[in-house]
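A.B. asks: As a plain string of letters, each chain reads:
Number of protein chains: 2
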Amino acid sequence: MVADSIINALRNTLGEGNFPLHEPRFAGNEQNYVQECIASTYVSSVGAYVDRFERELAAYTGARRAVAVVNGTAALQVALQLAGVQVNDEVIVPALTFVATANAVQYLGAVPHLADSEEATLGLDPRALRDWLKSVAEPTGDAYRNRQTGRRLRALVPMHTFGHPCDLEGLLAVAHDYRLPLIEDAAESLGSRYQSQHTGTCGLLGTLSFNGNKIITTGGGGAILTNDERLADHAKHLTTTAKLPHRWDYVHDEVGYNFRMPNLNAALGCAQLEQLPEFLASKRRLFERYQAALVEIDGVRLMQEPFGCESNYWLQTLVLSGAIADQRDGILQAINDAGLMTRPAWRLMHQLAPYQECPRAPLPVAESLAQRLINLPSSAGLA
Amino acid sequence: MVADSIINALRNTLGEGNFPLHEPRFAGNEQNYVQECIASTYVSSVGAYVDRFERELAAYTGARRAVAVVNGTAALQVALQLAGVQVNDEVIVPALTFVATANAVQYLGAVPHLADSEEATLGLDPRALRDWLKSVAEPTGDAYRNRQTGRRLRALVPMHTFGHPCDLEGLLAVAHDYRLPLIEDAAESLGSRYQSQHTGTCGLLGTLSFNGNKIITTGGGGAILTNDERLADHAKHLTTTAKLPHRWDYVHDEVGYNFRMPNLNAALGCAQLEQLPEFLASKRRLFERYQAALVEIDGVRLMQEPFGCESNYWLQTLVLSGAIADQRDGILQAINDAGLMTRPAWRLMHQLAPYQECPRAPLPVAESLAQRLINLPSSAGLA
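These protein sequence lines are chains F and X, in that order. Residue 416 in my numbering sits at position 330 of the first sequence; the count goes up by one each step and never skips. Residue 177 in my numbering sits at position 91 of the second sequence; the count goes up by one each step and never skips.
Each hint should be verified, as a subset may be incorrect.
Since the list can't tell identical chains apart, any single copy or any two copies may satisfy a pair.
[As the list claims (entries may be wrong)] SDA-like mimics (lysine to any residue), calculated; alpha carbons at most 25 Å apart, straight line:
#, residue 1, residue 2
1, 322, 263
2, 329, 230
3, 322, 290
4, 329, 195
5, 329, 146
6, 329, 437
7, 322, 100
8, 220, 446
9, 329, 194
10, 322, 194
11, 329, 233
12, 322, 97
13, 329, 429
I should point out that these hints are in silico values taken from the structure, not numbers from a laboratory.
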């Protein structure tokens with residue numbers, strides 16, 4: 087049975103014991119920095135670690151600026167607002183994504199417009215999207231609108247699934263032709279590069295997540311990346327209650343958010359970022375070991391970084407062939423029962439109650455992939 | 087000059103040196119708990135410290151349940167949603183408050199409706215509110231609406247200014263008569279009691295903040311309090327992405343939020359909460375010392391807990407007489423220049439660009455108070 091073969095392959099790679107899907111690794115300066123942070127009393131909304139974390143994120147990703155915030159969802163909400171998304175606009179997002187991508191759109195009173203993914207990247211398919219927009223988008227003034235709903239198409243949000251960069255070149259061309267700012271949801275892809283450019287830095291804005299399950303963690307946290315200084319300044323302003331600088335007066339010039347990352351969490355992040363190269367190397371080794379162990383099993387392949395890309399291999403992913411897709415739940419059951427935590431991809435957005443009425447393109451690939459993906463234990467340090 | 091008299095009084099109380107308005111105090115188990123948290127690897131969205139912090143907050147406040155979240159603004163946003171606030175509703179809030187109170191209403195697409203405060207509590211004045219509602223509210227089905235705007239009046243949100251409980255008995259009566267759920271913004275009043283009942287537990291829901299400037303801090307954090315188990319369960323669900331429990335499947339049954347408090351921050355909170363009784367005692371001593379030092383100065387009084395209440399004395403507050411209100415900025419300048427950080431109350435909500443068009447009651451007391459309040463250095467440990 088294929089489940090037994092997979093379990094054997096995982097055991098050969100990981101050894102005995104129980105393995106979570108992904109756990110954080112604190113092998114560096116975490117304790118030191120956090121202790122120093124508490125001793126300084128600057129644990130909250132301002133502090134040296136926040137500034138340092140932002141500087142080091144910008145330097146690492148090559149973005150001109152990084153703005154640290156409270157989580158990846160908040161980062162995406164603010165990035166969309168900065169890109170001009172307003173109430174009743176439509177924002178194109180993948181159907182195959184974590185629910186936060188759609189939620190960030192919804193928080194602004196806008197509507198997710200769901201698009202299909204491609205097998206090679208697990209991300210938005212630019213060819214399918216172009217075909218769809220040809221049929222559904224019509225020009226209106228300086229923008230395009232959805233002729234079926236009458237709503238303005240306002241942004242394009244690809245997400246780099248499990249750390250694999252999607253086809254940014256193709257998507258940027260579609261975005262250009264349909265006058266859509268491109269905002270990368272790079273929550274899962276810190277360390278991943280598209281043709282040597284870090285994900286999250288290829289569009290107008292990009293967003294990162296440092297939730298506990300991500301490649302590095304700040305407990306909870308996220309960041310907005312951009313090469314536009316003006317947008318970065320506005321992001322900082324909006325995420326810090328939109329308060330104007332004054333020695334004592336409290337003037338807020340727009341509706342802002344309490345979205346800053348606390349200095350305590352940034353202290354953890356600075357220590358984690360120092361170890362990122364090591365985490366990336368470990369995850370790549372784990373990919374190679376899983377690959378060697380799984381290569382002989384019929385009907386499964388291990389997801390590999392797309393051509394021309396460098397993936398962070400955040401979550402290792404089995405792709406089942408169509409022939410055994412109907413065995414997925416049995417496989418999940420057996421592997422989880424063996425103490426190896428695995429999980430399927432998310433439910434597609436249009437299969438969730440709050441998003442079932444959203445406009446959507448045909449989703450044949452996303453619907454197929456959703457039945458065929460299994461994430462494997464992937465923590466840094468396993469190999 | 088009155089500024090010099092105040093500076094002398096502050097120096098007699100505090101001694102030499104520079105004093106911030108309010109800094110956190112980490113004199114307990116902060117380092118231990120945070121180190122233990124990191125060592126456990128559970129720094130993020132679940133963990134023993136979150137559960138413990140919620141249990142201990144409930145026990146301390148007497149609320150049946152407490153739900154820890156990412157900050158006080160998020161707590162209020164979710165509490166308002168749970169109370170039934172919807173797009174285009176109006177929510178009654180004080181004009182004299184921190185902008186987050188109004189922002190939380192705005193995030194839901196609802197509209198802040200500003201009401202006046204009273205001199206005795208610095209909080210909403212139930213008599214003025216009742217008079218205003220008599221003129222502006224008209225019954226419609228099972229609710230009241232603002233006859234001037236046609237919008238439904240959907241909730242009443244008093245805020246306990248600088249930790250002083252407002253007149254909850256009077257406000258609960260108004261809320262009852264106008265069928266408004268009452269949600270307490272208790273961001274500033276952890277440790278404050280109204281007739282022996284902890285603030286935040288007297289209405290349908292209440293919210294706390296643990297920002298770095300509050301009486302205890304988690305870096306960034308907040309909590310929702312309620313005596314209604316069903317609302318508490320829903321609060322937990324909404325603030326944790328509305329994901330249904332399942333071994334591996336990702337089903338979200340409504341639009342949720344990524345608002346959980348990270349375990350790392352809860353670890354800090356558990357240590358802080360242990361010291362709250364001591365912080366409260368220190369702040370009360372500081373009040374008494376300031377009171378003794380300031381009592382001889384004409385034209386100023388120190389804000390004292392309202393009758394029948396126990397204030398946490400979070401921020402000590404000078405109230406200038408009307409006769410010297412026009413000297414406020416000069417007084418602030420002189421005291422700040424002397425190294426003693428002081429600040430005025432917030433700009434009133436209708437004086438901020440995003441809220442200047444909001445419906446509002448006459449605001450004579452709030453407008454007067456806003457010119458006459460000065461917060462003094464107030465950290466725990468100063469006395």
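A.B. asks: Work down the list of hints and note, for each, if the structure agrees.
C.D. replies: These are the hints, each one checked on the structure:
In the homo-oligomer, the alpha carbons of residue 322 and residue 263 never lie at most 25 Å apart, since the shortest distance is 30 Å inside one protomer and 43 Å across protomers. In this assembly of identical chains, residue 329 and residue 230 lie within 25 Å of each other by CA distance neither inside one copy nor across copies; the values are 35 Å within and 34 Å between. Taking the closest pair of Cα atoms, residue 322 and residue 290 come within 25 Å of each other only inside a single copy of the chain (16 Å); across copies the shortest separation is 34 Å, beyond that limit. Both within a single protomer and between protomers do residue 329 and residue 195 lie at most 25 Å apart by alpha-carbon distance, with minima of 24 Å and 21 Å respectively.
In this assembly of identical chains, residue 329 and residue 146 lie within 25 Å of each other by CA distance neither inside one copy nor across copies; the values are 29 Å within and 33 Å between. Taking the shortest alpha-carbon separations for residue 329 and residue 437, only the inter-copy value of 14 Å comes in at or below 25 Å, while the best intra-copy value is 40 Å. For a Cα distance limit of 25 Å, the shortest separation of residue 322 from residue 100 qualifies neither inside one copy, at 43 Å, nor across copies, at 35 Å. Taking CA atoms no more than 25 Å apart as the test, residue 220 paired with residue 446 passes inside one copy only; the shortest distance there is 14 Å, against 49 Å between copies.
Proximity of residue 329 to residue 194 under the C-alpha cut-off of 25 Å is found in both arrangements, the shortest distances being 21 Å within a copy and 21 Å between copies. For the homomeric pair residue 322 and residue 194, the shortest alpha-carbon distances inside one copy (18 Å) and between copies (22 Å) are both at most 25 Å. Taking CA atoms no more than 25 Å apart as the test, residue 329 paired with residue 233 passes in neither setting, with 40 Å inside one copy and 33 Å between copies. Taking identical chains as interchangeable, the C-alpha atoms of residue 322 and residue 97 are never at most 25 Å apart, the minima being 47 Å within one chain and 37 Å between chains.
Proximity of residue 329 to residue 429 under the C-alpha cut-off of 25 Å is restricted to the inter-copy arrangement: shortest distance 15 Å between copies versus 43 Å within a copy.
Of the numbered hints given earlier, the model fails hints 1, 2, 5, 7, 11 and 12; all others are met.
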